Amino acid sequence: QKEVEQNSGPLSVPEGAIASLNCTYSDRGSQSFFWYRQYSGKSPELIMSIYSNGDKEDGRFTAQLNKASQYVSLLIRDSQPSDSATYLCARRAGGFKTIFGAGTRLFVKA
Amino acid sequence: DTAVSQTPKYLVTQMGNDKSIKCEQNLGHDTMYWYKQDSKKFLKIMFSYNNKELIINETVPNRFSPKSPDKAHLNLHINSLELGDSAVYFCASSQDSQTGRDKFFGPGTRLTVL
Chain A
62 QKEVEQNSGP LSVPEGAIAS LNCTYSDRGS QSFFWYRQYS GKSPELIMSI
112 YSNGDKEDGR FTAQLNKASQ YVSLLIRDSQ PSDSATYLCA RRAGGFKTIF
162 GAGTRLFVKA
Chain B
2 DTAVSQTPKY LVTQMGNDKS IKCEQNLGHD TMYWYKQDSK KFLKIMFSYN
52 NKELIINETV PNRFSPKSPD KAHLNLHINS LELGDSAVYF CASSQDSQTG
102 RDKFFGPGTR LTVL
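Protein chains in written order, with my numbering: chain A, 62 to 171; chain B, 2 to 115.
Simulated from the structure, these hints should not be mistaken for laboratory data. In this text the structure is predicted, and so the values were computed from the model without any measurement. Hints may be right or wrong, so weigh each one.
[What the hints assert, rightly or not] Heads up, simulated BS3-like pairs for lysine-lysine below, C-alpha to C-alpha not over 27 Å straight-line:
no., chain 1, residue 1, chain 2, residue 2
1, B, K23, B, K68
2, A, K170, B, K53
3, B, K10, B, K41
4, B, K68, A, K158
5, B, K68, A, K170
6, B, K20, A, K103
7, B, K10, A, K158
8, A, K158, B, K53
9, A, K158, B, K42
10, A, K158, B, K37
11, B, K42, A, K170
12, B, K37, B, K72
13, B, K68, A, K103
14, B, K23, B, K53
15, A, K117, A, K103
16, B, K41, B, K53
17, B, K20, B, K72
18, B, K10, A, K103
19, A, K158, B, K45
20, B, K72, B, K23
21, A, K158, B, K20
22, B, K41, A, K158
23, B, K42, A, K128
24, B, K10, B, K42
25, B, K10, A, K117
26, A, K117, B, K72
27, A, K128, A, K117
28, B, K37, B, K68
29, A, K117, B, K23
30, B, K37, A, K103
31, B, K41, B, K20
32, A, K128, A, K170
33, A, K170, B, K72
34, B, K72, B, K41
35, B, K45, A, K128
36, A, K103, B, K41
37, B, K53, B, K20
38, B, K45, A, K170
39, B, K23, B, K41
Turn these sequences into a full structure, and let the hints guide you.
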């Protein structure tokens, strides 16, 4: 069983729409969750961290965490072609380890 | 200035060779990591050092040996390279390793084993 599950996509949305990316995890004890963005051929870049149930907003990005249902989501409002990338969901495991999902590829069509 | 740097960016070599990848961070972080990203984009941790001490050593063949001469540097040496070692290797660093905030990744080293 994979520890962090994501739909690999691709998820295609038109420019200006809301892109919704979802992630589930298996360890109920997880406390810290992250979304990374990775452009093709580039390194992952942390864009959101969330530690508490509910929503956390940062600009056009909103992270949502539901620990009871063990899912994390990322909403991107007013999607732009420059948002086209792979989005990696991750959780903090015990100690110093971060476990990544396989990522969801997002395409924003102009 | 680059926060986490790696050299080389590309590495093409023959099976059986030994190669090294170097990583340096100028962020003053205490913890550094090596991750491997395979062709399916799955990013998996290999090693982590905190203040030069090895704290994570995942199930990685012992052909892979990390070395941290100081907390700003973490190198990865690979012996007897195999075809399956072909991947992108990312170095990363973080300050608050317990909470995982602000993990910065280097640009990656694309290793191709022929």
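Exercise. Tell me, which hint numbers fail for this structure?
Worked result: Hints 2, 5, 16, 25, 26, 29, 32, 33, 34, 38 contradicted; others consistent.
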